[in-house]
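Trainee: Sequence:
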Amino acid sequence: PRSTLFPYTTLFRSANRLATSTSPYLLQHASNPVDWWPWCEQAFTEAAQRDVPVLLSIGYAACHWCHVMAHESFENADIAAVMNAKFVNIKVDREERPDVDAIYMEATQAMTGHGGWPMTCFLTPTGDPFHCGTYYPPTARHGMPGFPEMLLAVSQAWTDRGDQVREAAKNIVGKLAERAVPLTESAVDDRVLSAAVEKLAAEFDDTHSGFGGAPKFPPAMLLEFLLRHHERTGSEPALTMAERTCEAMARGGMYDQLAGGFARYCVDAAWVVPHFEKMLYDNALLLRVYTHLARLTGSLSARRVAEQTATFLIDELGTPQGGFASSLDADTGGQEGATYVWTPEQLVEVLGPDDGQWAADLLVVTGAGTFEHGSSVLQLPADPAAPDDLARWERVRAALLAARAGRPQPGRDDKVVTEWNGMAITTLAEAGGVLGRPEWIAAAAGAAELMLGTHMVGGRLRRSSRCGAVGEAVGVLADHAWLAEGLLALHQVTGEDRWLNAALPVLDLAQKHYADSGHAGAWFDTAADAEVLFRRPSNPTDNATPAGASALAGALVTAAALTGSESYRALAEASVVRAGLVPARAPQAAGHWLTVAEALAGGPIQIAVIGATGEPARAELETQARWYAPGGAVVLAGEPGAAGPMLGGRDLMEGVPTAYVCHGFICDRPVTTVDDLRAQLRSQP
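In my numbering, the protein residues as written are 313 to 997.
Incorrect hints may have been included.
[Said to hold, decoys possible] Estimated spans, in silico, between C-beta atoms of each pair:
(1) Pro957 x Ala360: 52 to 58 angstroms
(2) Gly770 x Asp701: 55 to 61 angstroms
(3) Ala955 x Thr519: 53 to 59 angstroms
(4) Ser506 x Arg362: 55 to 61 angstroms
(5) Ala499 x His426: 30 to 36 angstroms
(6) Ser879 x Ala581: 42 to 48 angstroms
(7) Ala422 x Asp700: 26 to 32 angstroms
(8) Ala882 x Ala360: 28 to 34 angstroms
(9) Ser506 x Asp988: 27 to 33 angstroms
[As the list claims (entries may be wrong)] Capping the alpha-carbon separation at 30 angstroms, the derived lysine-lysine pairs in DSS-like fashion look like this:
(10) Lys487 x Lys824
(11) Lys398 x Lys487
(12) Lys511 x Lys398
None of these hints come from the bench; they were simulated from the model. Since this is a predicted model, take the numbers as computed values, not measurements. Positions of the beta carbon are idealized from the N, C-alpha and C atoms, including for glycine.
All chains should be modelled from the sequences, with the hints used to inform the complete structure.
Mentor: And the structure:
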């Protein structure tokens, strides 16, 4: 059975202050000899009273190098003794506290030129950073100082030059504050959108596909933009880059060829060797991309990947409470990728000599290996061509999957994060509607019920829960944005008003608590009444996940199309304009902004289907509408006489189910046949 926690802590002592946490990452460290504190005011008070610095360690449960540093240093009694004597030590799960992570990551990048996890920051008792880094080994190597030496040097500097250290920290905070100003407004028009495609084409890896070199991450947001741009403009370069990248990712080692689901990234440029952790947010965003690619091109490969990815989300990340867990670990029992890699001999052992050799050839499992110690990551350069080979592959795949299930399994971070569950709700609902999978829609609805019933506390949204117990961390902007988007997606595929009625108050909460009142279209990532940090985070760039502001802009566009609200539309447009310099100058950091801008440029297209529930003709119109509607479109079906901006005032034509297609403020004639509906959707600009 899969372990919920991760087997990296040794029971040196009775549990520390992390033992009651709802974060599996913090619980991993609950029995360290380090006297950890959670992020709290009392920890900083303790540092002030003792007149020692704060050592802030930030990571997350699926992080390989976080485990390495934990084993090498945090489980080492001698190193822990130094930490306890000379620092107040705070451990933070970056997934629970993205606000804390964001501001100290900015400081780390400013000081070192790079960032990553584990992140190690030394702070004054007021929380100001004065020295930051990432992973430190237990002894000096590869140009990195040893962690014990670093501890002693920082402590000595604090003792000998404490006033200078405090002054330096204030200067760092001041410099960071100078950079934290809203961007100058800049329109994102057709010229910018086309130029973004050209810039991406210049950065495209023509050999292996994707963008840039190693390490190579799945560019889900950019791919969604490219697909939408192609649908709106007919751009062939946009479609080619999206198709080739999707194919390369799905054929390579980053995709789990046996069970579905994508790893976080590949360490090489050719998509061969993954970093094995699997994140909810990557798979949710990629499910959307492969669904839309299948819809747009009819690709059976893209449809297969979409179906397997949805199955992975539900089967591997689903929780008993109805939500979705955050991740699967990169390691198994301290060894990276041990669950997933194979040798030719292991294939023969499971499959026999004939099927074993055939599978080795098919999956690029070589004697030399493509990973470590002669093992290989499974790839699938091409689908078996012959019908007999397809049947053989399914038999082999099932046998290998059963054998793999008997191996030790990676741990699972079963923390349920609002933002990432909102993504999963959105994409499962969308994919379920497009591909005709009501069980996916039901899974999305179950997660939405958990968000509304457990994560909404006293009228405010919390960041996460675990095992049905809600955490203390308050929601950030992205939590509100993606929950609203998910609820709006459920409203569209079910036609149930309760989802719309739940979504709009979430958007109103975001406007009330996160808007930058001094700059139209600018947003803070934390609420006005949230805990005061040394800087209120406000990041306009898309990174591993969409920026909170770009996610909210997308939800506002959807809400405006569904409700007819001019204020939602205006706010979405103002948000895109406020961030417009990012897509204009650095499209790789603006994938979701570009996606939202495409929706605005496209209308978005609205399709209303009127007919009696259960009537086959209405069902067929609705099915075709979801299949042929371009990305970003809104589709809603309802009974004759239904109320609301999209359905109200629209009647049956000639007494039969009818579809209405609108683009912006222009509507086509009502149609009653599938052929006419397809023709209208294909002719949309």
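Trainee: If a hint holds in the structure, say so; if it does not, say that too.
Mentor: The hints, checked one at a time:
1. Pro957 x Ala360: 52 to 58 angstroms: holds (56 angstroms)
2. Gly770 x Asp701: 55 to 61 angstroms: At roughly 59 angstroms between Cβ atoms, Asp701 and Gly770 fall inside 55 to 61 angstroms, so the hint holds.
3. Ala955 x Thr519: 53 to 59 angstroms: holds (55 angstroms)
4. Ser506 x Arg362: 55 to 61 angstroms: For Ser506 and Arg362 the Cβ distance comes to about 59 angstroms; the hint holds.
5. Ala499 x His426: 30 to 36 angstroms: holds (33 angstroms)
6. Ser879 x Ala581: 42 to 48 angstroms: Given a distance of about 46 angstroms, which is inside 42 to 48 angstroms, the answer is holds.
7. Ala422 x Asp700: 26 to 32 angstroms: Cβ of Ala422 to Cβ of Asp700: about 60 angstroms, so the range 26 to 32 angstroms is violated.
8. Ala882 x Ala360: 28 to 34 angstroms: violated (47 angstroms)
9. Ser506 x Asp988: 27 to 33 angstroms: holds (31 angstroms)
10. Lys487 x Lys824: holds (29 angstroms)
11. Lys398 x Lys487: Answer holds: Lys398 to Lys487 is near 28 angstroms, not above 30 angstroms.
12. Lys511 x Lys398: Outside the cut-off at roughly 50 angstroms; violated.
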